[in-house]
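Put chain B on the given structure of chain A with help from the hints.
The chain contents come next:
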Amino acid sequence: MGTMPDGTQDASTNSSTHGTVRLDDGIVADPSLPPTSVEDAVRDSADRTWTPAKIALWAAIALLGGVAWFMLAVIRGETVNAIWFVFASVCTYLIGYRFYSKVIERYLLKPNDRRATPAEYKADGKDYVRTDRNVLFGHHFAAIAGAGPLVGPVIAAQMGYLPGTIWIILGVVLAGAVQDYLVLFFSMRRGGRSLGQMAREELGVIGGTAALIATLLIMVIIVAILALVVVNALGESPWGVFSVGMTIPIALFMGVYLRYLRPGKVMEVSIIGFVLLMAAIIGGGAVAGTEWGAAFFHLDKVTIAWGLIIYGFIAAILPVWLLLAPRDYLSTFMKIGVIVMLALAIIVVRPEITVPAFSEFAGRDNGPVFSGALFPFLFVTIACGALSGFHALIASGTTPKLIEKERQTRLIGYGGMLMESFVAIMALVAAISIDRGIYFAMNAPVALTGGTVETAAAWVNSLGLSGVNIAPGDLAQTAKDVGEQSIISRSGGAPTLAVGLAHIMQQFIGGTAMMAFWYHFAIMFEALFILTAVDAGTRVARFMLQDSIGNFVPKFKEHSWRPGAWLCTAVMVVAWGAVLLMGVTDPLGGINTLFPLFGIANQLLAAIALSVCLAIAAKRTALKYLWIVAAPLALAAVVTITASFYKIFSPVPAVGYFANNAAFAKALADGKTSFGTAKTQAAMEAVVRNSMIQGWLSIIFVVLSIIVIITAVMATITALRNTAAGLPNTEHEDPAQASRVFAPAGFIPTAAERDLVAEWNTLPAGQRLEKSGHH
Amino acid sequence: MNAVLAGIRGVAGYLGGVLGADAYTKYLAHHDASGHTGPPLTEREFWRDRADRQDTTPQGRCC
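Protein chains in written order, with numbering that gives the first Met the number 0: chain A, 0 to 774; chain B, 0 to 62.
Pulled out of the complex, with its shape left as it was, chain A reads as follows (with noise of 0.2 Å):
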C-alpha cells in the first residue's frame, strides 16, 4: 500500500500553515450526513483567537502554577505545605495538555475526524466497540495505573521531594504522555495492532525478534518485583495476609455470581464485592486481634513468596471469569475511589511537609533505602508516574479498539498519562508527610536496622539528618497506631506509603482510632492492583512465549491446547518466581537491589516503544518535527543505558552487580563465614548467585534495547531519506475510510462542536451508523 496523503510532507505543511481545510485525504464522505470533523480553519480560528477571558484564564493558570514551583523549589522554610505540590502539578500539567500536546497533535500526529477509527470500521459490538470518551478515559486511566506510581515516589523520597517532584511532573509532560499519546494513536492507525507487531513492521525481523525477547523479560522482572513488593508488605503482618487472603474467596464468589446467578450484573457485583471487602478488612483486625488468629496468618516472607508463586500459577490456568475478570472490577472500583478520596484528603487536609527539598542522599550513592547516584537512579527508580514503558502495551491493546473519533486519543492517551502521574505526585506527598526518622526506619533493609525499634531509632539517629531524632517508642507507637507488630524494615514502598495515607486520612475521617483501618485499606488495595498485574502479567507473557515457541513448534500456537498452555505458564512463573525468591531471601534487602532493576527495565520498554514511534514518525513529518519523538527517546535512553552500565560496570559493590559479586566471591575465598551485610557462608554464596544472575539480566536487556534503538534509528534515516529524495515509504497504516459518526474531541465541546453535536441530533436515528460493521 502506497503513502497516506496526510502521511507526506506537504499535506502537514498544507493544513498546518495555511490553515486550510484539508479535502485532499482520498476520503469520500456520505453526502447525506452531516460533516464527521469541525473544519480545520474553525478549529484553527478558535484555538487562536485570544479573547481576554481566556487570556486571563491562562495567565491566572501559569502565576498559580508558578508560585507553587517557586514555593517548591526556591523557598527554604522549615516546612512547605502540600497543596504546593497539588499546585503546581495541576497548572503544569494544564499547560502541558493545552500547549504541549496540541503541538504533538499539529505538528506531528494530525488526526483526522473524517477518518473512521477502528471502533468504527471493524465494529463487532463485543472488542470493538465505540465508547464515549470520558468513560474511554476512565478505562483507559484504569488499566494503565497500578501499584508502580504508588510505589517508585516512596522510595525516591530518599532524595528528599524535589528531584522526585520535578522528575514526575516534567517527565510526564515531555516524555511520559508523549509517549502513551503516540503508541495510542498509532496502533489505532493500525487496527489496535500491538508494539509487538509495530515493531516487526517497522523495525524489521532483527528489530522485531530484539523488542518481543525484551518485552517478554522485562515483563518477568516487572511483575517478579511487583510480588515482592506484596510479600514485604504482607510479611509477618497477620492482619495484613488475612484480609488480603479474602479477596481470594470474594473474587471467587462474585465471578460466580457474575456467571451463574446473575450474568452482566456487573455494577451490583462490585458494590457487593466492596462490601465484603471493606468487612474484610474490618474482620482481619479482629483476627488478628485473637490469639489463634496471629499465630495462624503470622507467616514469614518465603512462606508468602512461595504461597504467591502456587497461587500465581493457579490464577494463570484458571478461566478468566472465575478469578480474574471479577477481581478486576474489584481493583478497577477501588483505583478510582481511592484515587479521588485520597486527593480530596490531601486538599482537605493539606499536611505540611518536615522532608527537606534535597535530603543528605541527593549527593550521595550509598543511600539506604536505593543506592546509586542522582542521575540516573532517580530517573529509572520514579518509572511509573513519569515514564513508564508499559504503558506502551496498554495503549497498543483495548483502548485503541474503542476510541470513537481520532482526535479524542490526545484526551485519553496524553491526558490518561497525567492523571497518573498525579497519582504519583499524591504518592510523595502521603508518603513524605511521615516523620524522616519513621521513614528510614520502614525502609532501610534489616541489615541496617537491626530489625527491632531500639537498634533502629539508634541507627536512623545516627545517620546524622538534619531535624530527625527518633525515640523508640515513636517506632512502636506508629506500629501500634497501624494494628502492626512492627514497622521496622518494611521496605517496598506500599507500607510506607500506606502509613503516609493512614496519617492523612485519620484526619480527614475518623481520627487516631481509624489509623490501622486506613492502614490496611491501603494495603488492600495495593495488593489487589498488584495481584490484578501478577495474574494479567503472567497471562499476557505466557501468550507471548505460545506465539514465539509456536513459530518452532505449530502446535503450541493452539491456545486451547493444555498442556502448552500449562508448560508455558509454569515457564513464565518460575521465571518470576525465581526472581521473586531471590529478592525475599536476599541479605543486601530484594527491594534495595532489585527495584532499580524494575525501573531500567520498565523505562528500556520506554525506549522501545518510543524507538517504534520514531520510525513510523519519521515517514509522516517534516525532520524538524522529529525531536518531539526524538527527546524523550534520547532520555530514556540515556538514563537506562547509563544505569545498566552502572549496574554492570561500576567497581562500588553497592552499585555495581558485578563489583559485589566479585567482593562476596573474594570473601568466600578467603574462608570468611561473614561479610558486610551477609551473616553466614550460605547468605554470602546466595549473594554470590543474586548478583550474577542480576548482572546478566541486565546485560541482556541493555544489549537487546540497544539492539532496537538502533535498528529504529536506521529505519528514521531511511524513512527520511525516501522522503528527501520524493520516494514512497512502505505504510503499514490501515487504508482510510470515511466516518459516519462526530462525537467532540475533549472533555468539555467547543463552540463549533457543540454544533455539530445538535446537527447529529437531528438527523433521524435510522440514518445514523446504517451500517457500521459486517460479519
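Honestly, the hints are just simulated from the structure, not real lab data.
Wrong hints could be hidden among the right ones.
As a list, the in silico DSS-like pairs of lysine-lysine whose alpha-carbon atoms are at most 27 Å apart [as the list claims (entries may be wrong)]: (1) Lys554/A - Lys25/B; (2) Lys300/A - Lys479/A; (3) Lys25/B - Lys121/A; (4) Lys125/A - Lys25/B.
Restraint ranges, calculated between C-beta atoms of paired labels, are given here [to be verified]: (5) Leu4/B - Lys554/A: 53 to 63 Å; (6) Lys101/A - Ala2/B: 32 to 42 Å; (7) Asp48/B - Leu726/A: 44 to 54 Å.
Glycine included, every Cβ here is placed at the ideal spot set by N, Cα and C.
Okay, now just chain B, sitting in the frame of chain A:
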C-alpha cells in the same frame, strides 16, 4: 432531591461504563444497527462468550 438522585445515577452510570457493565447494551445496539438477520445472543450467552474470549486474548494490567 431529584438533582442529587440524577447525580448519583450519573456517577453510577459512569463507573458502570468504566467497568464495562454496559457491554451487553452496546452489543444489542450494534446488533440492531448493523442489520443482522439472526437473533442476538441472550444476556447470559453474551457474557459467557465475552469471558471465554478473554481467556484467549488476555489484556495486560499495568503496574
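Hint by hint, here is what the structure shows:
1. Under the criterion of a C-alpha separation no larger than 27 Å, the hint pairing Lys554/A with Lys25/B is inconsistent with the structure, at around 36 Å.
2. The hinted pair formed by Lys300/A and Lys479/A meets the criterion: a straight-line CA distance of about 21 Å does not exceed 27 Å.
3. Annotation: proposed proximity of Lys25/B to Lys121/A holds, straight-line Cα distance about 15 Å (limit 27 Å).
4. Proximity of Lys125/A to Lys25/B is assessed by CA-CA distance (about 8 Å); at most 27 Å being required, the pair is judged to hold.
5. Here the CB-CB span from Leu4/B to Lys554/A is close to 57 Å, well matched to the stated 53 to 63 Å.
6. At about 35 Å, the beta-carbon gap between Lys101/A and Ala2/B stays in the expected band of 32 to 42 Å.
7. Between Asp48/B and Leu726/A the CB atoms are about 47 Å apart, so this pair conforms to the stated range of 44 to 54 Å.
In terms of the numbered hints stated before, the structure departs from hint 1 and from no other.
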